[in-house]
Amino acid sequence: MYSQAVRLVAPTDEQQQETVEKAALEARAVIVKVDNVGKAFRRFEVQPFLLRNLALRIVGKAPKPKEFWPLQDVSFEIRQGETVGIVGHNGCGKSTLLRIIAGACYPTKGRVQLRGRVAPLLSLGVGFQPDMTGRECIEINATALGMSREEIARAEQPIAEFAELKDFLETPVRFYSSGMLARLGFAIAIHSTPDLLLLDEVLAVGDHAFQRKCIARIRELQEAGTTILYVSHADGAVQELCSRAIWLHGGHIAADGNPADVVAAYLRGG
Amino acid sequence: MATPVPVRHLPDAWIVRTPKRSFVEGKARAAATTGWLSALWILTRHEFRARYRGQALGVIWSLLNPVIMMGILSVIFTHVFPSGKKDYPIFVLIGLVVWQFVGSALNAGTTAFVAHADIIKRTIFPRQLLPLAVMLSFGINFLIESSVLLIFIPVFPSSFTLSWTLLLVPVILAFLVLLLAALVLATSVLHVVYRDVAYLVQTALLIFYWLTPIIYPVDRVPEPYQTVLKCNPLTGIMNGLRGCVMNGTPPSLLQWASIAVPSLVAFGLGWLIFKHYERMVLDHV
Chain V
1 MYSQAVRLVA PTDEQQQETV EKAALEARAV IVKVDNVGKA FRRFEVQPFL
51 LRNLALRIVG KAPKPKEFWP LQDVSFEIRQ GETVGIVGHN GCGKSTLLRI
101 IAGACYPTKG RVQLRGRVAP LLSLGVGFQP DMTGRECIEI NATALGMSRE
151 EIARAEQPIA EFAELKDFLE TPVRFYSSGM LARLGFAIAI HSTPDLLLLD
201 EVLAVGDHAF QRKCIARIRE LQEAGTTILY VSHADGAVQE LCSRAIWLHG
251 GHIAADGNPA DVVAAYLRGG
Chain P
271 MATPVPVRHL PDAWIVRTPK RSFVEGKARA AATTGWLSAL WILTRHEFRA
321 RYRGQALGVI WSLLNPVIMM GILSVIFTHV FPSGKKDYPI FVLIGLVVWQ
371 FVGSALNAGT TAFVAHADII KRTIFPRQLL PLAVMLSFGI NFLIESSVLL
421 IFIPVFPSSF TLSWTLLLVP VILAFLVLLL AALVLATSVL HVVYRDVAYL
471 VQTALLIFYW LTPIIYPVDR VPEPYQTVLK CNPLTGIMNG LRGCVMNGTP
521 PSLLQWASIA VPSLVAFGLG WLIFKHYERM VLDHV
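Line by line, the protein sequences are chains V and P. Heads up: the first sequence at position 209 corresponds to 209 in the working numbering, and the numbers run straight through without jumps. Take the position in the second sequence, starting the count at 1, then add 270; the result is the number in the working numbering.
Hint data in this document are derived by calculation from the structure and do not stem from the laboratory. Check each hint, because a few of them may be wrong.
Here are the simulated BS3-like cross-link-like pairs (lysine-lysine), alpha carbons at most 30 Å apart as the crow flies [unchecked claim]:
1) V/66 to P/290
2) V/166 to V/213
3) V/33 to P/545
The task is simple: from the sequences and hints, build the whole structure.
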């Protein structure tokens with residue numbers, strides 16, 4: 001998605017560098033393929049199974065359930081080692097897209113393909129039941145991320161240390177503050193050595209010091225070759241961390257390319 | 271991102287998600303099953319522990335219930351309406367303990383997805399593990415409650431027979447778990463979409479409390495009804511357990527059939543229903 005107009009001018013060093021990078025990127029393996037993906041949700045205005053509505057349905061006078069499509073015809077590919085930021089307004093479908101890639105909901109149409117170990121961090125709190133202890137949360141979530149028992153046993157201490165929760169592992173998480181929950185969720189996701197890390201607005205929570213720590217850790221993962229998909233409506237972190245950005249608008253891809261350009265377009269268009 | 275990125279080896283198998291299903295293309299995953307077994311165990315243990323967190327007596331509560339019921343029913347059915355069965359206390363205790371497992375597992379299992387919406391929405395593991403774990407956590411309760419029987423061996427020594435048939439108890443219990451797994455898989459997904467299901471289950475349990483020989487022996491029931499009663503797999507399971515523990519008599523071939531066939535058929539049906547509604551869980555919960 002690089003502008004053709006720019007390419008006609010004699011290439012500057014910067015542009016040459018860009019072409020080299022692009023070629024190197026194309027040599028790498030595809031890790032995520034998103035193909036014409038769309039998602040419809042029912043609006044749940046009519047209670048479909050209310051006795052009255054059931055009766056209407058039998059008579060054939062039932063109102064058709066209304067749908068809305070937060071995501072329509074989205075297609076893109078992500079190659080290994082990319083860090084892709086997805087930006088857009090509330091309700092533009094970015095979280096839905098991430099959930100579909102993670103497998104937390106099914107697409108209504110289209111197809112998603114991915115490989116390797118996926119670690120989704122879908123908004124604050126991950127899968128935490130209020131009466132689970134911190135340790136149980138680590139166990140359950142780490143298992144859901146595909147870690148073996150030995151891996152979990154090895155990762156437990158580092159997770160607790162990273163989340164700064166060493167003394168609270170036996171505390172039920174309903175007594176945790178929101179910051180503590182967010183730290184725990186993030187710590188579990190990054191300690192599973194994923195091939196593909198899916199992050200939804202995670203840097204918006206936690207204090208400044210923890211945000212710095214997360215960003216430092218994300219950089220380490222990037223250097224280790226982890227592919228990251230980062231959803232945010234904050235432009236700062238996208239520009240700081242990402243090698244590519246996608247702007248979702250009204251369920252479609254409005255722009256895809258260099259983070260600075262895409263974020264600028266998003267801010268202008270928004 | 272000018273620094274060259276180390277290329278990590280990616281597995282060749284693609285995970286594919288389509289509107290219909292999610293599957294692994296190419297090589298099948300073999301190692302994954304052990305992981306889900308341990309997840310099932312962790313969830314079960316958590317369910318069990320969470321139930322008694324913050325309580326002084328904990329699991330003792332579930333021990334008290336059948337014992338008190340046994341006392342009351344024994345008095346009623348030996349003095350008020352004499353049943354003529356001399357082993358009645360142990361007979362009814364076995365019935366009550368098994369029924370407590372059935373009832374609580376179905377009630378809690380049905381609401382498993384709704385009660386655990388947080389886990390379902392935000393983590394990715396086979397969804398069937400959740401209702402199964404809730405059901406199995408009551409299995410742990412059941413095992414603990416069964417230990418009450420040991421206390422009553424010195425009290426009613428003639429009601430117990432030590433014989434090889436005790437080895438059949440785990441087999442019968444395995445069929446009970448299979449049957450409960452089938453029911454819970456079906457009701458838990460249905461409850462997400464049709465929130466009436468929990469009430470339906472409660473009502474059905476109330477009816478089946480009387481359609482299962484829990485507090486009365488089957489042979490006291492007059493004939494046309496007795497055959498109907500014997501079609502209920504729980505009848506075979508309860509009588510099989512009682513025969514093995516109390517009299518040392520193994521279930522007859524017909525009894526085995528009445529236990530195994532409905533359990534296996536139910537499991538097949540439960541699995542199909544679960545698979546059919548599974549995708550809706552994620553959007554409705």
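Structure versus earlier hints, numbers of those that do not hold, lowest first: Nothing - there is no hint that the structure violates, so all of them hold.
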